[in-house]
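Read off the chains here:
Protein chains: 2
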Amino acid sequence: MRKEVDEMLTPEKISKIDKSCIHLKYLKWPEYFFEALRADVNFPEVTEVDRIILAGMGGSGIVGDVIRDWLAPSRGLPIHVVKDYHLPGFVDKETFVVAISYSGNTEETLGIINEAISRRCALAVISSGGLAEELSLKLNIPHTKIMSGLPPRAAFPLLFVCTALVMQKSELIEAGEDLYESGETLKQLGNLLTPEMETEKNPSKRVAIWLHGALPIIYGSCLNGSVVLRFKGSLNENAKTHAVADVLPELCHNDLVAWDLDLELPRKAVFVRFVGEPPEVRERFDAVKEQIEGTSSEVYEVWPPGESHLSRILSAIYLLDFASIYLAVLRGVDPTPTKSIDKMKRRLGVKLRYLETYTDLPLKPPSR
Amino acid sequence: MRKEVDEMLTPEKISKIDKSCIHLKYLKWPEYFFEALRADVNFPEVTEVDRIILAGMGGSGIVGDVIRDWLAPSRGLPIHVVKDYHLPGFVDKETFVVAISYSGNTEETLGIINEAISRRCALAVISSGGLAEELSLKLNIPHTKIMSGLPPRAAFPLLFVCTALVMQKSELIEAGEDLYESGETLKQLGNLLTPEMETEKNPSKRVAIWLHGALPIIYGSCLNGSVVLRFKGSLNENAKTHAVADVLPELCHNDLVAWDLDLELPRKAVFVRFVGEPPEVRERFDAVKEQIEGTSSEVYEVWPPGESHLSRILSAIYLLDFASIYLAVLRGVDPTPTKSIDKMKRRLGVKLRYLETYTDLPLKPPSR
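Residue numbers (this note's numbering), protein chains in the order written: chain S, 431 to 798; chain A, 431 to 798.
It cannot be assumed that every hint is accurate.
As the list claims (entries may be wrong) - Partial chain A-side listing against chain S, Cβ under 7 Å, derived: (1) A502; (2) R505; (3) P518; (4) G559; (5) G560; (6) N666; (7) H683; (8) V687; (9) G706; (10) E710; (11) V729; (12) Y730; (13) W733; (14) P735; (15) H739.
What the hints assert, rightly or not - Only some residues are given here: those of chain A computed to face chain S with a beta carbon under 7 Å: (16) E628; (17) T629; (18) H642; (19) G643; (20) A644; (21) V674; (22) L686; (23) R777; (24) G779.
These are computed hints drawn from the structure, not numbers from a lab. Each residue gets a CB set at the ideal place from its N, CA and C atoms; glycine is no exception.
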C-alpha cells in the first residue's frame, strides 16, 4: 500500500504533469530568500508616520497578511492590508504605503500608487518591472526591482523579504534575527519537500494525498490566518480547486456547524497548527477536532518547523504551496497555467492603456 | 413548473421544519431596528482617540465588518475589526474599543474587555446580559443592554444599531440619515421575504432554490465584503452547509481559477451586486460572470434595495439571511439549533468559570 501511494507522486510523474516546472522554481525558495536579504531596497524618508498600508493583490497582496500576522503581537504601528483599487478614507500624509505588484501592471495596485501620490503618503513600490517601475522612475518614487519571469506566487520569498527590508530600513519595524532564521528554516525544510523525497517523509506529498478527491477545508488560528489564506490561493491557482479557509476562534461560531450535515460530502479538514500555541488556541483545536471526528472525517494536522513566529508562518506556506503542486499532479493538471486569470488580464489590458499615457501628477484615479 | 417550485417553500412546510420559528424573529427585524434606534446607549467620555477597535465573534463580530464597510470611504478614524482573544500590540489608551457579545459570555470578547481595561482604552460594552454585563456594572464600564432570548444572528439589527449609536454619541462617527433610511428599507423589503410571498416575487426563496443541492460560492466586491462574510456564516449556521465566500477584485487573482476544473462539481455562484457600483467593479463582475458561464454554471445575481451604501449592505444581509433559512427548509433541517456550537460552549464553559471569580482589576488575561 505504501509503495502504491508513493508511486502516485514519483519524480517522473511530477515532471510529466508539471510541464512548466513550477516545482523547480519552488525548490529555489531558500536561494531567493537569501538573495533578497542581500538586495538593495529603496525606501522613502519617513518623518511623521502613524500607520502602515500594505497594498497588493493575490500572490503580491498575501505579503501584507504575512507581515501583519508576524507583527500582530508587537507594539509597532498599526498595519492595514489593502486588496482594493482604493485607499481607505482615513489615509493621509501620515501614512506609509508599500505598493506591491509582482508584474508591476496590476490595475488595482496602480490605482493605489496613484491615490497614495494624491494624498501625499510616504510611498515605496516593489515590482519586477512594468508600469509600476516606469511610473516610479518618472516620479522619483523609491522603487525596489525584483527578479522577473516567475509566476507571482513562486516569487513569494522575493516579495516578502523586500517588503520586510523596506519597512526595516525605514525604521518602521525591527525584524531582528527573524529573517535570517526563517531563511535557514526554509533551507532545511526544502530538502524534505522535493519530488525525490518519498511520501512517508515528505509532508507536502502527504497533505496532497490526504486532500485528493475532497473539498479542502483549511482551518488555522488567529496566529496564522495568512497561511490559511495563502494555502487557499495556492490550491485555487496550482490545483485548480475551490477550498474553504477559516480561522479559529471565529470558525467555532459558524463554519463548524456545517460538519453536522452533508455527511456524504467528500470534504477533508487540514489544520495548520503551530508549536507553542497559547493554551486557548490548543484547547479550541482539540475541541474542533473532536467534533469533526465525531461526524464524518478524520483531521490532518500540519506542524510547520521553525523557532520564531515568522519562520513558522513561512515554513507553513512553503510546505503547503508544495502540497498544492503535488495535488495538481494527482489531479492531472499542470499547476502553472491559470487560464482564467490570463483571460481576465487580457480583457483588462485594454482598460489599462490609459495608464500608459500618464503625463500629469496625480494620474486620473479610478472613479468611486 | 412554477407551481411545483412554489410548493417546496409553502408557509406550512416552512413552519413544520423551522420548529423554533427563527423566521418569525427575522420578520421582526424592522421592528427591532427602530426599537434600537430609540434605545439609551451608554458610552465613555472620549478625549484623545485615534483609532477604533470593534471586537466580537460570529453574529456579534460581523457588526464590526458591516460598520467598517459602511465607513470605509469616509474620512473618519481607522477601524480595526478584532475576532480574537487578544487586542493587537498597537492598542493603547488612545484607542476606542467597543466589545460586542450578544450572550455576554463569549470567552474571546471577555478576554478583549479584560485587555482593554489593562491598556486603559476608552471602552464600551454591548450585551444582552451575562458576565459582560456583570463585569461592566462592577467596574463602571459603560454597558448597553439589549433584548435577550434570540439566537445571536437573529439579534443583528439590535447589535448593529446599538454599536452605531455608541459610536455616534461618542462623536466618533456621523451617521446622518443613513440609519433611519436603512430601517425604512428593511421594512419595505421585509414584506417581500415572508413565507407567504410566492417564490417569483420573493428574492430570498429564489436564492435558496438556486443554491439547493450545490456548494454555494458567494462572490461580492470590495464594497460589501461584510455581506458575503455574513451570508457564509448564515449558510453555516442556518442551512448547515459549507460555503466559499470571496470578494473581487481579489478573487480574480485566485478563486476564479478553480472554475476551470471540476466541471462536474455541484457548485453554484451567487453574486452580491450593488446599484451604483463604480465602473471598475461592474467591469470585473461582468468579466467573472462571462468566465464562469463559459465553464460550468450560470450565475445568480442579487441586487439588494436601498438608497445609501449602508441600507444596501443591511438589506443584502436581510435578504440573504432569509435565503439561508429557506435553504435550511429545503434541506429538511431546523435552522435554529447549532449543535456543534452548543457543544463547544458547554466544553468551554468549564474554563470560563475563572472569570466568575474575578476580584481584581485587571482580570487574569488569557496567556499569549
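Among all the numbered hints in the text so far, which are the ones the structure does not match?
Hint check: 4, 5, 9, 11, 12, 13, 14, 15, 16, 17, 18, 19, 20, 24 fail, others pass.
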